[in-house]
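J.: Next come the chains, spelled out residue by residue.
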Amino acid sequence: MSISYIDTDILIIGGGAAGCFAAVEIYKRAPTCKVVVMEKAHIERSGCLAMGLNAINAYLHAGQTPDSYVSFVERHFEGIIRRDLVYSIVKGLNEAVKDVEEMGLPIEKNEDGSYKVRGKRSIRIFGERLKPILAEAVQRTPSQVLNRVVATNFIYDGNRVCGAFGFGVRNGVFYVIRAKAVIVATGGASGIYKPNNTGEARNLLWYCPWNVGTGYAMGIRIGAEMTSFENRFVALRVKDVNAPTGTIAVGTRSKQINARGEDYLERYYQHLGGNKCLTHHRLLATVEEKKIGRGPCYLDTTTLNEAEERRLKEDFLNMNPQIVLLWANKEMNPRKKPVEIQGTEPFVVGGHCQAGYWIDVERRTTIPGLYAAGEVAGGAPKKYVSGSWVEARIAVITALEDIKGVVLKDRDDEAILREKTRVFSPLTKKTGLSPVMARERLQKIMDEYAGGISMNYALHEERLLEARRLLKSLKDRMGDIAAINNYTLVEALECIDRIDVARILVEHLIYRKETRWACYQTRLDYPEKDNSRWLTFVNSIYNQNTDEIKMVERPLSS
Amino acid sequence: MSIFIDENICNGCKGLPEARCERICPGDLCYRKENLKAAIRDQSACWTCACCVKECPVQAIELKLPFQICSNGSSLKVRLRHDKTIWTVWDAEGHQEEFFIQARSLKGD
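Residue numbers (the working numbering), protein chains in the order written: chain A, 348 to 905; chain B, 972 to 1080.
Chain A with its partners taken away, still in its complex shape (with noise of 0.2 Å):
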């Protein structure tokens, strides 16, 4: 197996939509600065942005100020945010919006030229191809692409890091990037718990299923501060094909209904606010309403007219279109018949909710060298997107003014042997764990023990510490983890990852005594919202040497 080595400035790790509207923005700023961007997939479609988009949920409308898009966050989060990371995003959301705009992505207008309201917070767009349009944008810089390139480890001295490690999936190639700066923009972690779906349609997952949180699981590795792994995400979302319920209910208004006709959240849950409650309360009432035995719950779309279907359907097919296909049969048919939604399994994210990298307002991680853009920076959620570009955007500046002066370190010969055998070495074994033994027993463990769908995503100490118990004695069989070819090396590569995430979450979901977001993480054991102890951020690092996580707290104001 051939080694490539590669110098460059900066190396972008993951190209989504974080990751290449940073390639465009150091491009902008410092256009000699040499750059690598390092993508699992194929920039034109990958990550969460692969199947499109058809609305842009954070934007700063007239009327709004940052203040008050700050505060409406920090509501939805029960108080805990980071508001220094927030009102940053906030403050660049617009002109982040424009410039992709201006590459191509077509926004909904009124004639007046000013983007029309969709939701408060919500613009519409036509974003089939918004990927392709970014990505075009990076192919116009002089960046280097390197396009099926697995990401495995940092190259870290201890101290900072330099680089990363990468495995060609088309050429078998091992790759050796050292870089002065290392921005790492991979996504979220989907595929932790066993999803709703099984057999042929496990993977039609709300979450981009090739996300697995490697971007976390490298920063875990090297002793990187993560925060808020508890505040897990749950989307409440269309039955089996996960399509956006806010793509309804925003779009045409209807109504949450549940099997008998009734407005639940009005009629059963005004102590939650009603259908003014917040994100995860719209979820909580759904599972509550399915235990009860009022279930399955509905968006009423029965009240929408011909063209007001049709103009959903373009919606959809901008971003799931899957759901046309299950509309496309009488018996199914939205006008006729209410849409059923229902939760998903859990995912790690820090777009939605928080989960990521511990970070300072400039997108510097906790380690020399590495800033965090998009789904793994944590402490800023509902950023989605635009957020996402905003904070590359950051952490570009922030790298660019920090590499001044930076040196290339000196190659490390051991470590590269070293990260070479282990990425190589699910290869050498005949016989093993595969891929998928490994994935449905991670899922199973995490799905039954640490508060996934089948749990109505409750938790407590007592499952937690097995759950604990058992992704312990998973890591120690990931030794005879075994691949036959590079696609389920691939695989292998992601069980380890995941497992590395689940640890961690875990520890997490131990340690926050109390329940703060419902159903995101809610405690049986601790029922109540505690402001006199945890309106705090629970955070974790990770020594590899004694395979030890300690838990650390941050005070709010951080």
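Hints should not be assumed to be uniformly reliable.
Here are the computed lysine to aspartate or glutamate pairs in the DMTMM-like style, where the Cα-Cα straight-line distance is at most 20 Å [unchecked claim]:
| hint | chain 1 | residue 1 | chain 2 | residue 2 |
| --- | --- | --- | --- | --- |
| 1 | A | K684 | B | E1064 |
| 2 | A | K677 | B | E1064 |
| 3 | B | K1035 | A | E547 |
| 4 | B | K1055 | A | E448 |
| 5 | A | K456 | B | D1054 |
| 6 | B | K1035 | A | E661 |
| 7 | B | K1035 | A | E678 |
None of these hints come from the bench; they were simulated from the model.
Assemble the complex: chain A is given as a structure, and chain B must be docked to it using the hints.
T.: Frame of chain A; chain B shown alone:
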């Protein structure tokens, strides 16, 4: 089943180093068989994102839903034009519905 590749239509993107569906699939699931026809290595790993469906210049690929989710046999195909996306959806009875959706703003928009 999530995607169906019609071997009678697929030309294997002859002349290219890899088939277009193989190049684009975000999950690295498409590949070219020895007979130069495209195939999917694991239907259960498909996200049904339709990227391959969009990328195929001869419309050899259809998107369907796994049977456990939808048993009616509906399917769709896509054609990409520079500034718009054209979708054709067939329902259970074979009726066809077309959508022409703007995908890129033209200069001066």
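J.: Taking the hints in turn, state whether each one holds.
T.: Here is what the structure says about each hint:
1. A:K684 - B:E1064: holds (19 Å)
2. A:K677 - B:E1064: holds (9 Å)
3. B:K1035 - A:E547: holds (12 Å)
4. B:K1055 - A:E448: Since the Cα atoms of K1055 of chain B and E448 of chain A sit roughly 16 Å apart, the hinted pair holds (cutoff 20 Å).
5. A:K456 - B:D1054: holds (17 Å)
6. B:K1035 - A:E661: holds (18 Å)
7. B:K1035 - A:E678: holds (18 Å)
Checked against the numbered hints given earlier, this structure breaks none of them.
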